[in-house]
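Q: In case you want the letters, here they are:
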Amino acid sequence: MDIAFEQILIQTVNGVVTGMILALVASGLTLIFGIMDVVNFAHGELFMLGAYVGVITMAATGNFWIALVVASLIIALLGAALYLITLRPLLGRDPLNTILATFGLSLVLQNYALWQFGPVARKIEEPFTGHFTLFYLDYPWYRLVIAMLSAGIIGALWLFLKFGTYGIWIRATTQDRMMAQAMGIPVPMVLTGVFALGSGMAAASGVLFGPLVGVNHAMGLDWVLKAFIVVVVGGMGSLGGSVAASILISLLEAYASLWVSPAQAVIVSFVVLILTLLFRPTGLFARVPR
Amino acid sequence: MTRSGARLYWTGFCVILALLIVAPLVLPEFWRRFLTEILIWGLLAMSSDILIGYTGMVSFGHSAFFGLGIYGAAAALLTVQPPNLWLAILSGLASSAAVAAFVAYFSTRLRDIYFAITTLIFSQIFYVIIFTWTEVTGGENGLTFSRPRLGIPGVFSAPFTSVTLHWFVLAVVAASYLVLRRITQSPFGMVLQSIRENETRTRAIGYPVERYKIVAVMLSGLFAGLAGVLYAIQNRFAAPDFVFFVVSGEVVIYNVVGGIGTLVGPIVGAGFFLLLREGFSRFFTEYYLIPVGIIFIAMVIFMPQGLLGFMRRWLNG
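Residue numbers (our numbering), protein chains in the order written: chain A, 1412 to 1701; chain B, 2 to 318.
Honestly, the hints are just simulated from the structure, not real lab data.
Ideal placement from N, C-alpha and C gives every residue a C-beta, glycine not left out.
All the given hints hold, so there is nothing to weed out.
So the derived label-pair ranges between C-beta atoms look like this:
{"id": "1", "chain 1": "B", "residue 1": "Y208", "chain 2": "A", "residue 2": "Q1527", "range": "47 to 57 Å"}
{"id": "2", "chain 1": "A", "residue 1": "A1593", "chain 2": "B", "residue 2": "P305", "range": "21 to 31 Å"}
{"id": "3", "chain 1": "B", "residue 1": "P305", "chain 2": "A", "residue 2": "F1571", "range": "32 to 42 Å"}
{"id": "4", "chain 1": "A", "residue 1": "R1504", "chain 2": "B", "residue 2": "R202", "range": "13 to 23 Å"}
{"id": "5", "chain 1": "B", "residue 1": "Y208", "chain 2": "A", "residue 2": "I1467", "range": "51 to 61 Å"}
{"id": "6", "chain 1": "A", "residue 1": "W1670", "chain 2": "B", "residue 2": "Y10", "range": "58 to 68 Å"}
{"id": "7", "chain 1": "B", "residue 1": "R212", "chain 2": "A", "residue 2": "L1686", "range": "14 to 24 Å"}
{"id": "8", "chain 1": "B", "residue 1": "S5", "chain 2": "A", "residue 2": "L1488", "range": "54 to 64 Å"}
{"id": "9", "chain 1": "A", "residue 1": "G1625", "chain 2": "B", "residue 2": "V164", "range": "39 to 49 Å"}
Next comes chain B alone, as it looks inside the complex (with noise of 0.2 Å):
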């Protein structure tokens, strides 16, 4: 990138960032968790664009990755007493890393749709033990828990408002991007992207791929564990629904809509689908995925490249 291009993204970025620190303020309340939401959505698709956008696998599994870090959290809240922020995203990381690692080991064994194919119906497994091991996960009723408090152990320690969680969900989700963004232009990122372009060649080259591959998994669901974590304290409530493969589904759609191969793309994505379903679902009530489905399709067809597309080069600088 030229330096005067890089001003301009760190620029654009500082003032996306700034926007967001204000916008909890000056919100009202519903459009405040909305916008919340919209944040761990777009960590999520995020997380999956590693894979569709820069290792050209196209996961249809992540919703197993948000689930386990969801229940990961849920345990943690559950069991330690009074909950502890910092031991449920450790508990919620840990438990979708050593899904992560299970469904890599796998599923990089395959390419192309077998690899979607599989970690749809891995995502399945965990969705059917999740469901029926009522004893644990409480089953099709879930789990409820209390949100922690937010704190650091001997500096301070308050509890969340819709405000500061607002705060505390964008300082994750900004970190996270610049992690995985500084991940994508580092060597093994160039790998990545070099997988995608020709992954014969890359071997041929004597790049171990399905160790790349496999890594690139567990970042991906690692990222995936950490969104589910923020998820999960933001509505104090784990359900099996979200490990089942339409969360999945709609992570791809995110990532589709709104640019794969930028990391930015999928959370513009993410917002622009809760948007219309939003606003959709205020017309046709829970039919709303009719209208979303053909805007969807439309977009596959017409506009391959997603909202964002057109900068992809310059978003990778």
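Isolated chain A, as found in the complex (with noise of 0.2 Å):
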């Protein structure tokens, strides 16, 4: 089949677009991986319930942008106080337990949303509903809205971790739990806080995402099973990684559903795993060996 350049162009604009989508939903479990040592099944389910709480108050106000700001909130919310009943009796324990309350609440969250919405998918309407010609195509401006909201917050949340006071105490949490103890900080807040920011980040990609697909029960799904594979591509705590290995996988995976449905162009994203696992185990992107 002949391939024209300008569906390689547009595959690259659709790869980028999802790849940050993607980015703001691994940075969110790799920020809770790095600084918790917790591996976040629930996440996407995180993500399914702030689409929802995004959904119902759209209905409310008709604002997508009170949407967007409500969902985070309630769903940092929601996350502080799983945190708080699920996983801080666990802590000093092996980090696998985490993984079993997680995929606990997973099953939970998941079933409830089915309980509370129905099966029916709900949709989110777009906040504008531009277009631009790009070749032959009409390509709808909020997809680009989305990909540089994305990569807003994420470059937010670097400069956080960076230079805010908060962000230099999670820092420190991470390297040395003790001594930041002892110096003061108080550990036990910042965990709840971390997770609480992970989880509002899952919530907003969610919002975000609501307009491109329709709001199900499942929706969490797909999205966290690539974004398990995106953090372990770019090495497990590692936000750049995560964001460069986020645009790697998901262009990848537009261009080969070129040739492919989109279905097995998944495939792409599995093969890079192991490849990466096979070559550089620590990942594409980490710096120090594991």
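Hints given; two lone chains; assemble the complex.
A: As structure tokens, then:
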């Protein structure tokens, strides 16, 4: 089959856009993992619940941006509550216990959503519907805006971790929990805060992504799996690595879907994962070997 | 184990085995099938205990081995006429062993959480392949096939009834339990347990840890494949859902609920979980996973030993 140059360009744009949303999901995951040693299986469910809160707020207020903020805040609070109830008691035990607890959480949250909202997919209206012409396609502006917003949120997170007082607390906690505690940093509060932050980011990506696909109870599954691949390929706990890996994988999948169906294009990301494990098991972009 | 402890253990084993042999004769059809199903899921969970409980590696990819066992058996049952039981077992074991070798080679490079995530992603690879390769696997619709006859060539041959099927499954599960128990007590099993306790030290003593781990994953995958074959024979049906990672998650739940590192614990966990599901699904219909999930989280927090954890030492004698 002959692939036109324009098609490749369109897929490049598509790949970068999906990559940025994926990066937003994965950076919440890698934040929680890198700092708290918690593998959050419920991340996809927080993403999905965020989208649902977005749907409800949209219906009540009619404003997309209010929905985005409200969903992030509510899910951040929910995340903090879930952390306190299920993960705080596991502190100091083998990190594998956190996988089990968050797996249980994901079962509960997903079925709660199914029970509460039913199996029919809901839709979030796009905040603006403008298009521009990309070769022969009318490309929606909204997609580009999502990519930029995601980049903005991740950039803000990076700046916050680098320069903000609380960001420095977070990094200190990552490096040495005991020492941070000794220096007067309220470590338990930092951990709860990080989980809330990661949850809020998942919710934000859920709302942002809502208009592109339907909102339903199983939407989290796909994303959390991809986010796990990204986090392993990018190097666990590395924010920059997750972003780079997200874009790399999304681009490859976008190109692959020129030839095969999107369902099979997923295999490309699996191949990337296998190759990474073969040649750089610590992740493509990790600086310190594990 | 002391002499009286050993006697008590084997007496207990025989009593439970006898109860399980008699059970299908007194139970109504529904519960007979239910019990057989518990044994099959129990075997799957038990195979995963080799990794979780004895080697300290949590596998989230057992659905791949289980599913390939089902599809491998399905392939033999569909291509060879008339369907042959032993060929199905052979084919199921071969395909799950091939997958286990592939997964083991890559995933054992990683430890702890990374191992768990990698096995999970590998099981998803097989899920996608099976889901999209419609010409061979039937895709989303899966495959249906007929049940083979129970028999030994040249000796006898009889169609499976639900009672003989139960006995057949029970025989396979009990034999697998004894084999696995023997393996965990062998020098090989001891090395696995020392990897769980302290991997660095095991390596320092001179054991090729990676090779032991690969063998452990393959062994575990082989028994998971056996469970898949039994499931295929019982349900005469293969579907991509069995390869989906939620099945792997349930297997881990059985292990944690029943008590890891006991081999029988996972079977008890499977029984407990399936009974809970049966009970709750009458009240909560399809939302039974909400209370089940809450109970599971509570058990992770308050009862990390699981139901049988308190008798771990005795069971491993």
